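Using the working numbering, the letters of the sequence shown correspond one by one to residues 1 to 182.
No lab work stands behind these hints, which were simulated from the structure alone.
There could be a bad hint or two in this list.
[Claimed, not checked] DSS-like cross-link-like pairs, simulated, lysine-lysine; straight-line CA separation at most 27 Å: (1) Lys-59 / Lys-14; (2) Lys-46 / Lys-129; (3) Lys-163 / Lys-149; (4) Lys-46 / Lys-59; (5) Lys-19 / Lys-69; (6) Lys-63 / Lys-30; (7) Lys-59 / Lys-34; (8) Lys-63 / Lys-46; (9) Lys-59 / Lys-22; (10) Lys-69 / Lys-22; (11) Lys-34 / Lys-63; (12) Lys-34 / Lys-69; (13) Lys-149 / Lys-129; (14) Lys-63 / Lys-22; (15) Lys-34 / Lys-14; (16) Lys-63 / Lys-14; (17) Lys-69 / Lys-30; (18) Lys-19 / Lys-59; (19) Lys-19 / Lys-63; (20) Lys-30 / Lys-14; (21) Lys-46 / Lys-34; (22) Lys-22 / Lys-34; (23) Lys-46 / Lys-30; (24) Lys-34 / Lys-19; (25) Lys-19 / Lys-30; (26) Lys-34 / Lys-129; (27) Lys-129 / Lys-163; (28) Lys-59 / Lys-69; (29) Lys-30 / Lys-59; (30) Lys-14 / Lys-69.
As the structure is a computational prediction, the values presented were derived from the model and not from experiment.
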Amino acid sequence: MEYLQTLSDEELLKGCLEKDRKYQEQLYRKYSRKMYAICQGYARDKDMAQDILQDSFVKVFLKISTFEKGNSLEGWIRRVVTNTAIDYFRQSRKLNNFIELEEAHSERLSDDSINKAINVEEILYFLRKLPEGARIIFNLYAIEGYTHKEIADRLSISEGTSKSQYSRAKSILQGYLTGMAG
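Sequences and hints are given; from them, build the entire structure.
Pasting the structure below:
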């Protein structure tokens with residue numbers, strides 16, 4: 001098994017396409033930590049993050065034949081993880097029920113106000129405390145780099161709702177961070 005440690009993504013991909021469990025396990029070992037960190041941003045607790053991670057890798061192995069060679073394997077896996085997190089909330093019907101309409105004149109916060117020097121565990125802790133809708137939109141926009149239009153299309157919500165939920169998340173996070181500093 002040790003010889004698998006040095007295999008390239010191309011070699012791992014080939015082994016996974018042949019449904020070789022050793023290669024699948026190695027691919028999982030190589031990327032699961034990074035992908036788990038992504039899952040933690042969407043989940044409200046570690047168990048939920050683990051569920052999303054496991055479901056994601058099942059999809060990766062089932063759909064590995066759709067990966068287009070020449071693209072980033074890590075990027076493709078990241079996309080599967082993000083989509084699985086979104087699907088997870090859709091299937092549990094929480095996504096359609098979580099969004100509250102915000103006042104049009106909600107206070108805007110600068111992105112710099114969120115950028116404080118705190119450790120990753122504290123950030124994940126505060127992200128998990130956000131209401132589900134605000135957490136999902138914050139992750140998609142601030143961490144994954146989706147536009148509000150893309151978020152609106154993916155979640156079947158208005159662009160304004162995406163923006164207001166992002167603003168709400170920033171406001172809540174600002175409150176948490178202010179509480180830490182005070």
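Hinted pair Lys-129 and Lys-163, Cα distance within 27 Å: 19 Å, holds
Distance restraint between Lys-63 and Lys-46, which requires alpha-carbon spacing of 27 Å or less: 25 Å, holds
Hinted pair Lys-149 and Lys-129, Cα distance within 27 Å: 25 Å, holds
Pair hint Lys-14 and Lys-69, alpha-carbon separation not exceeding 27 Å: The given pair, whose Cα atoms are some 10 Å apart, holds under the 27 Å limit.
Holds or violated: Lys-19 to Lys-30, with C-alpha atoms at most 27 Å apart: 17 Å, holds
27 Å Cα cutoff - pair Lys-19, Lys-69: 17 Å, holds
Distance restraint between Lys-63 and Lys-14, which requires alpha-carbon spacing of 27 Å or less: Answer holds: Lys-63 to Lys-14 is near 13 Å, not above 27 Å.
Proposed proximity, Lys-34 with Lys-22 (alpha carbon, max 27 Å): 20 Å, holds
Restraint check for Lys-34 with Lys-63, where alpha carbons must lie at most 27 Å apart: Satisfied, since the Cα-Cα distance of roughly 20 Å is no more than 27 Å.
Lys-69 paired with Lys-30 [C-alpha distance capped at 27 Å]: 18 Å, holds
27 Å Cα cutoff - pair Lys-63, Lys-22: With Cα atoms ~17 Å apart, Lys-63 and Lys-22 stay inside 27 Å; holds.
Pair hint outcome, Lys-46 versus Lys-30 [Cα-Cα no greater than 27 Å]: Measuring from Cα to Cα gives roughly 20 Å; hence the hint holds.
Going down the numbered hints, you'll see the structure goes against none, and every one checks out.
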